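Peer 1: Next come the chains, spelled out residue by residue.
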Amino acid sequence: EPEVTQTPSHQVTQMGQEVILRCVPISNHLYFYWYRQILGQKVEFLVSFYNNEISEKSEIFDDQFSVERPDGSNFTLKIRSTKLEDSAMYFCASKDGGSPLHFGNGTRLTVT
Amino acid sequence: GNSVTQMEGPVTLSEEAFLTINCTYTATGYPSLFWYVQYPGEGLQLLLKATKADDKGSNKGFEATYRKETTSFHLEKGSVQVSDSAVYFCALSRNNQGGKLIFGQGTELSVKP
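From first to last, the protein sequence lines stand for chains A and B. The opening position of the first sequence corresponds to residue 6 in this note's numbering, with each subsequent residue numbered one higher. The opening position of the second sequence corresponds to residue 231 in this note's numbering, with each subsequent residue numbered one higher.
Because the hints were derived from the structure by calculation, they are not lab data. There is no bait here: all hints are sound.
Each computed DSSO-like pair below joins lysine-lysine, with the alpha-carbon atoms no more than 30 Å apart:
| no. | chain 1 | residue 1 | chain 2 | residue 2 |
| --- | --- | --- | --- | --- |
| 1 | A | K47 | B | K290 |
| 2 | A | K62 | B | K282 |
| 3 | A | K47 | B | K342 |
| 4 | B | K342 | B | K286 |
| 5 | A | K62 | B | K298 |
| 6 | B | K298 | A | K47 |
| 7 | A | K47 | B | K307 |
| 8 | B | K342 | B | K290 |
| 9 | A | K47 | A | K62 |
| 10 | A | K47 | B | K282 |
| 11 | A | K47 | A | K83 |
| 12 | B | K298 | B | K286 |
| 13 | B | K286 | B | K307 |
| 14 | A | K47 | B | K286 |
Predicted model, so just to flag it, every value in this text is computed and none were measured.
Please model the entire structure based on the sequences and the hints provided.
Peer 2: See below:
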């Protein structure tokens, strides 16, 4: 069964550094999402992306965050200048029009 | 605003015990409701869903009924197995597409042999 693939599984970065989290959605999917889960808290929606543009974003998704689909297969989340509170598990997800969301296994981001 | 509340975990049961994980929601309009499961080291997987009141979602022996009058979507299974040990998330979507989800906090289930 096709899967959403996220790399790396664990990323450690220093405060103030830029980080890029990578995702390969399922190949025929058209809708892409990022969610995050801070340890001990709920899984939170960050952003949705369709037709090469952001379709919706949450209050969390401020100017420090950006998403990109640089080619036909990758979907990236960039955090420009990481803060300690950005430490979380980040989940990528994708879907086509009628399917449920398919999630990746997540990238654990640790900001020191 | 829209929100989902789940019972606190962790829940520890013996194999073949009956499982209930409570989930209640607050939403405007007519949301769709979902249960997702996360096995250790894996991503979230859709377990079941219901898109309108009185619908029952079911999968792998799990069931949940969309109760509009009590704004609930409790997850049940008659006889749990060790392999059901996972974290279970209740979620809602404001439409039946299930893209942008609002999650509960998750309930960890541990089933002992």
